[in-house]
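Number of protein chains: 4
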Amino acid sequence: MTPPDPDYEARVRASFRRQRAMGFIGAEIIVVEPGLVEIALPYRPELTQQHGYFHGGIVSTIADSAGGYAAYTLFPADSSILTVEYKINLVAPAAGDRLIARGRVLKPGRTLTVCELEVAAVKEGVSKTCALGLQTLICLEGRPDTGEN
Amino acid sequence: MTPPDPDYEARVRASFRRQRAMGFIGAEIIVVEPGLVEIALPYRPELTQQHGYFHGGIVSTIADSAGGYAAYTLFPADSSILTVEYKINLVAPAAGDRLIARGRVLKPGRTLTVCELEVAAVKEGVSKTCALGLQTLICLEGRPDTGEN
Amino acid sequence: MTPPDPDYEARVRASFRRQRAMGFIGAEIIVVEPGLVEIALPYRPELTQQHGYFHGGIVSTIADSAGGYAAYTLFPADSSILTVEYKINLVAPAAGDRLIARGRVLKPGRTLTVCELEVAAVKEGVSKTCALGLQTLICLEGRPDTGEN
Amino acid sequence: MTPPDPDYEARVRASFRRQRAMGFIGAEIIVVEPGLVEIALPYRPELTQQHGYFHGGIVSTIADSAGGYAAYTLFPADSSILTVEYKINLVAPAAGDRLIARGRVLKPGRTLTVCELEVAAVKEGVSKTCALGLQTLICLEGRPDTGEN
Numbered sequence: 001m002t003p004p005d006p007d008y009e010a011r012v013r014a015s016f017r018r019q020r021a022m023g024f025i026g027a028e029i030i031v032v033e034p035g036l037v038e039i040a041l042p043y044r045p046e047l048t049q050q051h052g053y054f055h056g057g058i059v060s061t062i063a064d065s066a067g068g069y070a071a072y073t074l075f076p077a078d079s080s081i082l083t084v085e086y087k088i089n090l091v092a093p094a095a096g097d098r099l100i101a102r103g104r105v106l107k108p109g110r111t112l113t114v115c116e117l118e119v120a121a122v123k124e125g126v127s128k129t130c131a132l133g134l135q136t137l138i139c140l141e142g143r144p145d146t147g148e149n
Numbered sequence: 001m002t003p004p005d006p007d008y009e010a011r012v013r014a015s016f017r018r019q020r021a022m023g024f025i026g027a028e029i030i031v032v033e034p035g036l037v038e039i040a041l042p043y044r045p046e047l048t049q050q051h052g053y054f055h056g057g058i059v060s061t062i063a064d065s066a067g068g069y070a071a072y073t074l075f076p077a078d079s080s081i082l083t084v085e086y087k088i089n090l091v092a093p094a095a096g097d098r099l100i101a102r103g104r105v106l107k108p109g110r111t112l113t114v115c116e117l118e119v120a121a122v123k124e125g126v127s128k129t130c131a132l133g134l135q136t137l138i139c140l141e142g143r144p145d146t147g148e149n
Numbered sequence: 001m002t003p004p005d006p007d008y009e010a011r012v013r014a015s016f017r018r019q020r021a022m023g024f025i026g027a028e029i030i031v032v033e034p035g036l037v038e039i040a041l042p043y044r045p046e047l048t049q050q051h052g053y054f055h056g057g058i059v060s061t062i063a064d065s066a067g068g069y070a071a072y073t074l075f076p077a078d079s080s081i082l083t084v085e086y087k088i089n090l091v092a093p094a095a096g097d098r099l100i101a102r103g104r105v106l107k108p109g110r111t112l113t114v115c116e117l118e119v120a121a122v123k124e125g126v127s128k129t130c131a132l133g134l135q136t137l138i139c140l141e142g143r144p145d146t147g148e149n
Numbered sequence: 001m002t003p004p005d006p007d008y009e010a011r012v013r014a015s016f017r018r019q020r021a022m023g024f025i026g027a028e029i030i031v032v033e034p035g036l037v038e039i040a041l042p043y044r045p046e047l048t049q050q051h052g053y054f055h056g057g058i059v060s061t062i063a064d065s066a067g068g069y070a071a072y073t074l075f076p077a078d079s080s081i082l083t084v085e086y087k088i089n090l091v092a093p094a095a096g097d098r099l100i101a102r103g104r105v106l107k108p109g110r111t112l113t114v115c116e117l118e119v120a121a122v123k124e125g126v127s128k129t130c131a132l133g134l135q136t137l138i139c140l141e142g143r144p145d146t147g148e149n
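Residue numbers (this note's numbering), protein chains in the order written: chain A, 1 to 149; chain B, 1 to 149; chain C, 1 to 149; chain D, 1 to 149.
Some hints could be false.
Said to hold, decoys possible - Pulled a few chain D residues facing chain B out of the computed Cβ check, cut under 7 Å:
| id | residue |
| --- | --- |
| 1 | Glu85 |
| 2 | Lys87 |
| 3 | Thr136 |
Claimed, not checked - Looking from chain C toward chain A, a few residues come up when the C-beta cut is under 10 Å (computed):
| id | residue |
| --- | --- |
| 4 | Ile81 |
| 5 | Val84 |
| 6 | Lys87 |
| 7 | Thr111 |
| 8 | Leu112 |
| 9 | Glu116 |
| 10 | Leu134 |
| 11 | Thr136 |
| 12 | Ile138 |
Read the hints as simulated data drawn from the structure, not as lab findings. Beta carbons are placed, not taken as given, at the ideal position from N, Cα and C, and that holds for glycine.
Looking at chain A on its own, in the form it has when it is part of the complex (with noise of 0.2 Å):
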């Protein structure tokens, strides 16, 4: 997969940083490669369920983030990206130190592109998957991500 931008990487963490959300859960983009994107979240007792883990939902908002990186990474540099839609499998429970998601594109295309959304909980080392999923993305060509739309 070759972007065909090259300057995907700025492109898309200056996207990143404008999420807000992603800065007011404490997300950072640690990985920025063609087709594949990782976003790592410390543990803060403010994200959890009710049982101390972190919330489903938080856990979804950094995979939909990941995926929609790793696929935007392939975009045109004047275009934007929505999400179509997702589905996420929480396979155990997130219970960690920190989460790391990972966004891999598996069918990059001109309109729609399909990622697979995997996310780990780390716990003193050991990486524990606790999430996956399968989300479809639109590309917006002609109307630059510019934070202003």
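Given the structure of chain A, go ahead and fit chains B, C and D onto it with the hints provided.
Only chains B, C and D this time, still in chain A's reference frame:
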């Protein structure tokens, strides 16, 4: 749909209060009926994506909780609930003063329950659907949701 | 929902007839309204899984077609339709004399349309929901569905 | 992944033979390994949609069975299996001489198992992915899959 636990509403509201992620983002549970729960979330800039709308993950977070608690209204007193999986379509920008997420049980079951999810964005009094979903929940009997597990 | 093509019903029925898989399994299109299509499928032992019920894939097949044609009622005359994806919950055994699949448009769109899917198993006149789904369709404008593509 | 039932392959193949829908469409089970099953389906005009490709529902049918039997390889001898739900993206036309559906267990569990689904269309020896999915299965212990239920 008749809840087997007459105190379902108090049980649901207590569990919701233990979801610290709900308080963190500012979500409130506003309707608790047998098989139906609604959660409201006022706009805050910290909850947005790169275009200034509510982040899709935040939309999903309240949808997931609304469906989970809708199912939980029908569970026995000494049970816990986990989201098995859900799928959500983000059908319009989540632009508005606040979001209302509604979870509704379509198919109750002893082990598995299926809910439909709908999130509306309310802008100057006008409500517009921004997300639609379908969710599977599992009942863990004999494991009360005390928050201590 | 007003179809832009006044001849939507004839167009939908002609396309359905070209779906040889529908004839092969014995499915019939029984309702074609703007944004709503129903397909009926009588029981045949060839359509069953290992317990003698309709196979989940067969249930999905008519659900997918019902949703696709529900969306197609609202598309322009010179367009084709493709299913982008769907998710389906098989909520009860598909046991009965026949199945009725209903596809209904929840969110029409110029490019993407979202439908809800429901399949009921009818047994001695009593109808029971056996599957629930959510589906995303894409409109290919300027590519009439002539069966020749 | 070690199957608890040493006779898993015979058990899976016997159950597959009881799925009359598989024989009806002409599907064969070609790989049965712990946590992995593949099903092949030769082209037949009766299996097509309006453009002459394999119908998306037929693609789903073999994907659903492949994932179900992949999970079933890991189940105890006296158990049955049901598909709880699945989501499938139809990422390319299913055009070819035959389809190969592969189900692979991503997360085995005592009650619930999660599988990934992939279907490839093979055309003159060249294989191309046409569908990707994610599926949830449930194990019914103490209810052997005798076909009599």
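To see whether the hints hold, each was checked on the structure:
The interface hint given for glutamate 85 of chain D is met, as the beta carbon of that residue sits about 6 Å from the closest beta carbon of chain B, less than 7 Å. Evaluation of the lysine 87 of chain D hint against chain B yields a held restraint, the C-beta minimum of about 6 Å falling below 7 Å. Taking 7 Å as the C-beta contact cut-off toward chain B, the hint placing threonine 136 of chain D at the interface holds, the least distance being around 6 Å. For isoleucine 81 of chain C, the interface hint is violated, since its Cβ never comes within 10 Å of a Cβ in chain A; the closest pair sits about 14 Å apart.
Taking 10 Å as the C-beta contact cut-off toward chain A, the hint placing valine 84 of chain C at the interface holds, the least distance being around 6 Å. Interface restraint check for lysine 87 of chain C: the shortest CB-CB distance to chain A comes to about 6 Å, inside 10 Å, so the restraint holds. Given hint, threonine 111 of chain C at the interface with chain A, holds; its Cβ is 8 Å from that chain's nearest Cβ, closer than 10 Å. Residue-level restraint check for leucine 112 of chain C holds (minimum Cβ-Cβ distance to chain A is 6 Å; threshold 10 Å).
Annotation: glutamate 116 of chain C was flagged as interfacial toward chain A, and the flag is violated, the nearest CB pair being 13 Å apart, outside 10 Å. With its C-beta approaching chain A no nearer than about 8 Å, leucine 134 of chain C sits inside the 10 Å limit, and its interface hint holds. Below 10 Å, beta-carbon pairs count as interface contacts, and threonine 136 of chain C has one with chain A at about 6 Å; its hint therefore holds. This hint holds: isoleucine 138 of chain C has a C-beta 7 Å from the nearest C-beta of chain A, less than the 10 Å allowed.
The structure does not agree with the numbered hints 4, 9 stated previously, though it agrees with the rest.
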